[in-house]
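Chain by chain, the residues run as shown.
Protein chains: 2
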Amino acid sequence: MNIEILTIGDELLTGHTVDSNASYIAEKLLQIGHQVKYMSSTGDSLEQMEEAFRLALNRAQVVITTGGLGPTDDDNTKKAIVKVFKRNLIFHEEVLEDLKKRYAIRNMEMPAINQNQALLPQGAKFFPNKHGSAVGLCISENGRTFISLPGVPREMEQILDDEVLPYISKMPDSDSITVLKLRTTGVGESKLSELINPKLKLESSIKLAYLPTYSGVDLRIIATASTKDESDSLALSLKRHLESTVGKYIYGIDSDKLEEIIGQLLKDNDKTIATAESCTGGYLGSIITSIAGSSNWFIGGIISYDNEVKKNLLQVDKTIIEQHGAVSEECAEAMAVGCRKLLDTDYALSITGIAGPDGGSDEKPVGTVYIGLATKREKDKAIVKKFSLFTDRNANRIRASYAALELLRREILDIQ
Amino acid sequence: MNIEILTIGDELLTGHTVDSNASYIAEKLLQIGHQVKYMSSTGDSLEQMEEAFRLALNRAQVVITTGGLGPTDDDNTKKAIVKVFKRNLIFHEEVLEDLKKRYAIRNMEMPAINQNQALLPQGAKFFPNKHGSAVGLCISENGRTFISLPGVPREMEQILDDEVLPYISKMPDSDSITVLKLRTTGVGESKLSELINPKLKLESSIKLAYLPTYSGVDLRIIATASTKDESDSLALSLKRHLESTVGKYIYGIDSDKLEEIIGQLLKDNDKTIATAESCTGGYLGSIITSIAGSSNWFIGGIISYDNEVKKNLLQVDKTIIEQHGAVSEECAEAMAVGCRKLLDTDYALSITGIAGPDGGSDEKPVGTVYIGLATKREKDKAIVKKFSLFTDRNANRIRASYAALELLRREILDIQ
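Going down the list, the protein sequences come from chains A and B. Note that the first sequence covers residues 8 to 423 in my numbering. Note that the second sequence covers residues 8 to 423 in my numbering.
Please keep in mind that the hints were generated in silico from the structure rather than gathered at the bench. Possibly wrong hints are sitting among the right ones.
Identical chains share a label here; the pair holds if one copy fits it or two copies do between them.
Claimed, not checked - Derived lysine-lysine pairs resembling BS3-like cross-links, with alpha carbons at most 25 Å apart:
1. Lys-371 with Lys-108
2. Lys-255 with Lys-274
3. Lys-132 with Lys-371
4. Lys-235 with Lys-325
If we strip away everything but chain A, and leave its shape as in the complex, we get (with noise of 0.2 Å):
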């Protein structure tokens, strides 16, 4: 079954915004095994959608635009579909209804040319919005299925996964895809590879990708076959030879984020965790607070940007910073266990390097990090790993920030 995601806005041509829908469908289709052939974008004007819709349905079963839905007069995807598909639009008095209600809800009248929205081609299917104005639309004729979600990330994406989702997996097609991702950090694409051996042999109905990303690399098995049951044993039998052999790198699987999981941890040990930041300078802490319910075991933070932060808040000797510098085992390890004092939780993360792209010496390249973890075992030393990344300062920031959480949770799950 050819699919095609047409996505539809003139900010897709000039630039201004990058195509995360598209993405976005394309994974979640992905999961429930079907793989897109055509992804596309057009831009807003109705001559330019009549041609894209066109040239989608001719070459893909099942075409999924995202955008042109809105209410206003340059929302044109309704009347390229009143031209393409030649049906007229018909008034939903329930769908006007439920409009109404939801503004009604929130004490405001609705803008009456909001009416526009109940405007929809005659037989098409309709998924409701939870988050918008704008209904889902979805049209079956002559073996096509065309399904029109709005623009607005929140609202394609709860359309998608409520909606558009269980409807195709109910569309008969004629192969199984099972899909799994595992996770993994704290090691390279090409040690990875090295340790799950090179001469590992795969039948070509599985595939195995290693995807690196700032935060870690992961490994996705996608494995076909004529049912669910053997596109799913396919793969986990290489999912159980990944496990085995690199095991210990893995922290999670498919959309698992490393700071959920080390919330998890914490909050499953009761355990509590204080940050010390100099040149991620908030990053680390701003990762593990965008979990929901972070407050359970983040206590707070000192970025101690400036060295006289690391003296006088974390009690840094000056001494340290004199003979070793501020970016030194020394100086991580000290500012790990004068924060895990200061804040008196049960671990406590430091983070101190050069993030470029200036600062850098030859003993002490750009990249260079060094991260401490103190814990309540010796109130007076801390774990300190140094680390040699390489690349830009947002990357440098990013990785170390992921490197600090790896360290922790080796830490509380003891992997050596």
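Got chain A; can you put chain B on it based on the hints?
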């Protein structure tokens, strides 16, 4: 002139990679006066590429592809060019020598497989790659220009900027386009359009777009005319109108960032800043320190997630928290004042709020955020502003951080 951007890679179609190359190229082309007509993505297989190349050459005069130029077996772009353009691959000694030299400088031996990188389609012009082994390719035939660039963003961007954009600029085209972006913050889209004057009649040769982001609303002007002077002058007259009506909300142009502008202002005025963050958990500190050189103005910050940290480090009186709560005007003021004194800076920004999804109440729903700014002017007082944000946790944290920076910008520039 119709231009198509065609990005190549299974990682795009599986949704693993968000296609940032396409938007990068589109934005750069717009800046030199070309609006992209088509954007599409295709997979790694030779068949998919061939189909996509033929379609693109059929509908566009200029085609720019990214990806598939590596040396290994699954890099098929050159093979697809051979099939579509019916040209052989020719060995280029000078390309190989250049590659060998680059390995020699790093005292490394060139892997043998890289010899493939010196095989280029007959008659193709090639663009040097400063960061990798794949040169860019350019074939002109029958009024079509077909340009292939590597998929690694750093390599693609260098070849595009240094080689492709100058090359395309010299191609004859009918119109001149001038693009300007004015970046605003601290004001909504509808208020902006009211102030700018809804009755503003624009000629069809000039377009004004409102582009909302989490950090503010961008105003983008696109002016089209037959000469560069005319399009520049059209764009400038609208720019002046915008500056006279909403100038106080404009913090920068084009790719300026608010955190960059703030840094420059602090540096120019020889002032320092510190942060006290609750719900943003370090995000504000992390964006301030994302700017290289920020150690010149950023001293440090306290992530006072737990109320004990607010009391013990920031000296927030416990009666404030008991009587008004941690999310209150009083607490934001005390956090800012306490932080400025603790870290001995010229300014301190504080943020306390309910990021969501939980923790809201009728009186203080999710999205309620108080932002404080303490200055040296009045040592025990702070300016505090209340914000009612309404979207999700992540968006609330980003918006609150930029609102804090804007509060500081207006203070420094004395904007009411």
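Contradicted hints - numbers only: 3, 4
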